[in-house]
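J.: Listed below are the residues making up each chain.
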Amino acid sequence: MEKLLEILKGLKPEVEFEKEQKLIDDGILDSFDLVALVGEINEAFDVEVEFEDMEPENFNSVEKMYEMIERLQNEV
Amino acid sequence: MTINSLAFLIFFMVLTILYYLPFVKKYQWVLLLAASYIFYTLAGNHNLIYIIITTIVTYIGAILLDRKNTIQEEYVKAHKGILPKQEIKDYKEKIKKEKHKITFFCVFINLGMLIVIKYGSFLMGNVGRIFGKENLSDISFLQIAVPLGISYYTLISIGYLLDVSKGKCKSEKNLFKTALFVSYFPQITQGPFSRFTEMAPRLFTSHKFSYENLSYGCQRILWGFFKKMVIADRMKPMVDAIFENYQECSGFSLLLGCMYFSIQLYADFSGYMDIVCGCSNILGIELAENFKRPFFSKSLAEYWRRWHITLCSWFRDYLFYPLSISKAAVKFGRIGKKILPPSIAKLVPSIFALSIIWLSTGLWHDASWRYVFWGIYNGVIIIASMCLEPWFIKIEKKLNIKAENKLFQGFQMIRTFLIISLLKVFPIANSTKGSLVILYKIFFEFQMELSRAACFPTFKTEDFFCVGIGLLIFIYVSFKQEKAPMHESINRCPFVVRWAIYLVLLLMILTFGVFDTGLTGGFEYAQY
Amino acid sequence: MHNIKKIAIRLVLIIVVVTVYDSIIDYLYRPYKDSVTYTMQDRKKLEGTLETVFIGTSRVQRGISPEIMNEELGTVSFNMATSLQLMDGTYHLLSSVAEENPVETVFLGVAPELMLSDNDATRSKVLVYERMMDWKDRLSYLIDCCPMQEWPYITLYSTQVEDYFDFDFVEKNVEFKQSEEYKTRKTGKIRYRNNGMYSLKKSTDDPQVTFLEKKESIFQPSSVNKEKEEYFKKTIEYCKENNIEVVLVNMPISGNLIEELGDVTTIHDYYSGIAEEYEIAFFDFNYYKKLEETFDNQRFENEKHLNYGGAKVFTKVLAEVYKSYQNGEDMNKYFMDTCPYYVAE
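Protein chains in written order, with numbering that gives the first Met the number 0: chain A, 0 to 75; chain B, 0 to 527; chain C, 0 to 344.
So here's chain A without its partners, still in its complex pose (with noise of 0.2 Å):
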């Protein structure tokens, strides 16, 4: 948890992502943080995000993100 909290500050600092819940419905995270954080979280924890996963669902809050991340290291 720790790491990807890392990894989001370091991308948007001035958000405090432990309170948000709606990071991409209300347009915090735009496409473009997305993306960047998408292939930092693949090269951190060694997953690979695929299209299936780039969903509102997944992203909108950091439990989510980290669900989602716990799913794909399960996988593999």
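Hints in this document: simulated from the structure, not taken from any laboratory. Among the hints, erroneous ones may be present.
Straight-line distance between alpha carbons at most 30 Å, and here's what the computed BS3-like set of lysine-lysine pairs gives [as the list claims (entries may be wrong)]:
1. A/Lys21 to B/Lys405
2. B/Lys165 to A/Lys63
3. B/Lys396 to A/Lys18
Starting from the structure of chain A, add chains B and C where the hints point.
T.: Frame of chain A, contents of chains B and C only:
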């Protein structure tokens, strides 16, 4: 029959009455399907074969993809914990490849039809030019009349296929329901691009008559007609006059012309959106919004989140994301990390995807080089501003400019408006050469001249009044809508005030609206 | 149901407001010179009594005087011709008049140039629409002959006004409409004469107007628009069914118009053919024996229309010819076999 015609209103009125008859209830969607095909034929296009092929291919493709998903799910469920993870992963890879084949085949047919019909002459013309044959673009089989809405319904269908492939929704088992989704008449002429996940629950359930929906829908339709007939159609002759004679006009007039065209196009397109959204609302089916007061944008990137929203989100979800996380993008990203500063390196996959997106968006509009330039113009500005952002922030800090400063925001909006207007050079000129000449003139032959003829050619007193008042009302409504939806504030007014507003708008349309159809024709975006 | 009542009330409100608004705009902006107001006043006065109708294009509207014809033939006549009237308009207008009046004779002015064109000016439809008295006739005309996109333009005067900001014009217009002159029609400012007729007094200066040598023929029976020809025949058939006598009249026209259209003979043969087919009379005044002496430049307002003086003369001539025809006299008394004035090349 175009959307802005009396014939359409009468057609729609008849449809609405039938729609809400008690015995139609469960079959409202069937009625809508019939109405959509009738509208398609009445709109001048008798060639139903293309949309039917797209529908059938999409229907079959979705069912096959769904089946693959189900098979995979069952397999994983049955074998989890029994087989090693690698085997399950390999199996998933295999299914993925099969799904890709199905998707590719369907997309190839649908997109293929679109490309041949829309871009056949353009491609052949360019191929011919390379090989020294000048007339390849005139081959007769490429001169097929472009079927109504092909750019719109093809992309909607592809989106649906990709959503099913992703597992985001289940495929529609009923061919005719699929046909309704593809051909739904309010969105077929100029969009908005809808998603199956949103539309299916709205299209296929039965709707009870709601007076609120009727009232809101009628408000929107009235407002849409006002924008189209009083503002857009009144500005069109002036814009046409400037650009038909662009060789004689100064750069100043041409720049003004671009700005007028921005406004005209916005009034035209958003007017259409209001009419179709209003109609769809009356039927109880909500359509996605395409505009969010785009001229309040402070940057080009923001503009594209407020203008033709559904087109951009379609390209984002179905082209940008897959491209930017593709293997090619990752490769470019790795190279970028080695040679570029980190703030830019992380943007490389996006930039790669964006370049392709802007090229495609440009070509989606029309098959010509000027749209390629249009795409490049957009792409370069957006990518440049993305890359230069850290420097902009530094400069703003040095000059002590705060983002909340109203003056600064105003400056940003004006700057964005100018950039957007310059963008209009490409659609408005009839040829690539024309658009480049116009750009040259704007920058190098400016010749500012503050006469009425130079600033407002062909405009009469009446036009000033209509467009002036129309725009003032439009701007006022836009400002109010930035804070809260307009129809709520109207609904709070007493009956007399509300109806005074409606009747004044209606009378303004009758008085100042352009009824001479020789001058106006249909809507601007229907040509795409 | 409550909702239906709500909707109905609002619809009625919209219709009432739009109608009232349109009437106000009509009063303010319709020029006093527009003949339709007087035409409809006269129609209303004479409704139910009309026995003779003149119909066709502006050449008939300005060329035949019902007042004089009434004297000459002892009938009650009315001029229903309008500018650029198309055959479908003629059919609808005539049938709407014939339903309410004991019409016995129709003088139908032929317009070969309008039989050819595909371009249907919306303005000409407005003129026909305005002259219908019954809402049913108006509706059937709209549905039958006008594309839906033209309906708002045709039915509402507020969509037709070209310049709303010419306040000078509005002031003068309203002032005149309220004056005694306008109400009594005792003024030289209006060109409305009587019973639908509209005519100017001035004569043309153009020396080239009458009796030119013609050029190549544009009018050919093969280039006649089929739909228009159908409506033409439909009009004649309607009259036959209702025991109305049809007289086709080719108004005396100027050389310039012949120049435009082409061979006088071709036109004559075409309409003679139709007249024979339906056993009706055809008076081709281009073949009139006394054409040169009776209808020279002084009788024409411009290349296409007789002036008031010319119309008065023509109406008398037409009455005389018609009376002879009724008596079974030989029409060669008045008409030649060929036209010497326009020489084919």
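J.: Decide, hint by hint, whether the structure agrees.
T.: Hint check results:
Proximity of A/Lys21 to B/Lys405 is assessed by CA-CA distance (about 28 Å); at most 30 Å being required, the pair is judged to hold. For the given pair, B/Lys165 sits about 18 Å from A/Lys63 by alpha-carbon distance, which is consistent with the 30 Å threshold. A threshold of 30 Å between alpha carbons decides the hint, and for B/Lys396 with A/Lys18 the separation of about 28 Å falls inside it, so the pair holds.
The structure agrees with every numbered hint stated previously.
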